[in-house]
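Novice: Spelled out from the first residue to the last, the chains are:
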Amino acid sequence: MTRVLAPGEVVLEEAWRSFPARTDRAKTLKEAVTSLIGSRPPELPPTRALAGVTLHIDPGETVGVVGRNGAGKTSTLRVLAGIIPLHTGFAGCGGRVATLIELGAGFGREFTGRENMRLNGALNGMRREEIDERIDEMIAFSELGHFIDAPIKTYSSGMLVRLGFSVAAHLDADVLLIDEVLAVGDEAFQRKCLRRIAAHIERGSTVVLVSHAPATIEHACRRTVVLDGGQVVYDGPTAAGLRFYHRLMGLESATTDGLLGESAVLQEVRLEDGHRRPRQVFGSGERFRVVMTLQPIAPAGQVELLVEVRPAAGGVVFRTSRELTVGTERRLVSFDVASLGLLGGDYDLAVGVRQPGEDAPPLFDRVLSFSVAPVAGAEGVVDLRGSWMLEADQIEVGPVESGSEVRR
Amino acid sequence: MLRYSYLFSQLVRRELRQKYKGSVLGVLWYFINPLVIMALYGVMLGPLLHAVSIPDYPIFILAGLLVWLFFSQSLLAASGSLVEQSSLVSRVRFPREAVPAAVVAVQLVPFFAMLLMLLPVSLIIRGNASPALLELVPLVVLLFLFTLGLSLLVAVLHAYYRDVQPVLNAALMPLFFISGVLFQIEKLPGLHSHHWAEPLLRWGNPIAPFISSVRTVVFYCRTPDTPTLLYVAVAAVLSAAFGIALFRRMEGELAVVL
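Protein chains in written order, with the working numbering: chain A, 1 to 408; chain B, 1 to 258.
Hints were generated in silico from the structure; no laboratory data involved.
Heads up, the beta-carbon is just placed ideally off N, CA and C, and yes, glycines get one too.
Heads up, none of these hints are tricks.
Listed below are several chain A residues computed to face chain B (Cβ distance under 10 Å; list not exhaustive):
#, residue
1, Pro20
2, Arg78
3, Thr99
4, Ile101
5, Glu115
6, Arg118
7, Asn120
8, Ala122
9, Leu123
10, Asn124
11, Met126
12, Arg128
13, Glu129
14, Glu130
Just need the whole structure built from these sequences, with the hints factored in.
Specialist: So this is what it looks like as structure tokens:
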């Protein structure tokens, strides 16, 4: 089936693909001959990697793909990249495709970072002139400094990610397929990569991002696809998708006694106003409550709850955490804000549980969206509740509306 | 395809660098191996055993060895090339033909290095330069196509069946002896009693006409006979067409089997 896709369009239709169960196959002639004669050794049934996946991604969309190990995430990406053919169905990406799958594709260990950038760019279909034009930019982006001319066998894994991502980020692809690699870099570089991805999105590139780290998906993707057993089990907005994913993972961890090392999971999170009514839009200065249901799994223990507030534009305005001991019973926990000090706009509220003392960047289980009604006379994110004075004359001009209620 | 010409040149550069990096003698190795073979057989078969009475026998050997080494080294290197580059093949989508093709292109370097060394020596010692030398150009192109086709074939087959390379390794040694590097097939004394053997050796082994035609030009400075030239041209085109077709057919699952 041949069809023309618009640049940036990504399509999977009824995609089926399985793999032989023995990946160490390396069939020898002897085996080939004996299997012709007969007496074939009993073969394991093939592993189904994609079992009828259908996915339509419009140009400019950013889609996160999550799922348990073996759910078909990487296969999806490799099929889209054209590395692996489908058995039945259709897979295709419109326009130019750049892939960033695993560390160090195309990296010759004896070669310098600069040479590897060239090779990697060429592998992704860049012409010589394009590489010449952009290599300085790539090197600057990678922040590898003088290491760029050292053989990459001396690089750390974080440096390899920098190298790989720097090339991928400068490919000007219509479709960017990224698998997991971002997780290796340090946090500052990850953020830079996410910003770069955001810039790609602004220019209209399509991004498909596979990750085990919900935080990455949450930052970069509006839409999330959850795969399980080679099938799409959820396709929709990211916040709900990650909730779905965690339920999927939660079920598993509940049955395996806290596989993830957590002793509790969040079951429900809602936003309430001062009268305990669920709300999505709040006024600045109003009472604001986050109510969570905490379900202990495994034996009772210490957990740390995290709450984070983020403006739609990105970044974090506020984060707090609280350690508490959970018993065996389900319980309600609330985070109560007497007067919401935010200015008008859209916000995300992320809530997560983790083990106390964990060093890893927080993982958020739930992300809820809420809005604050516009406030006259003030712009920004936080209401500082300031007042204007004309100090020289020692005359109080009186408070000017600054977003908080005007006091007389 | 053109988009990837830079990739091809990068792969060639990489092969060249990797091959001789860290060796003290570097490019000199290009010459040492064939010279050792030449000296060995030249002395053994010539003055010691009196088995061959070809004038300027060492140059005769080199003129054929040139072709043989290009052919055999290309096949050997190409057969393992996809497996060695599995990290590329399984992670990026690019025309995979570039990998074995780069390996064959790299073998052109020692080929031309030896040719440049051999030609003046041959011309001075044999003293018979003629316009026939120009025929080297199409012959080398055809030799490249022929070798490329077979290299694509063994490369993709080896990815699926890992004993292709060992089989090749074992087969190349006897093939060397019947390919007429050390003698002219049509002048083998033992062939008089077996009339079927000469055509079999001459035409049954596709690399033999390449060796004899290049040697006819370089060593004898004559134009090879028409049947040989025709054979060489047809073999090159068939090999290239079949190699490319089979590679295209089998490359789909490469990322899975590697």
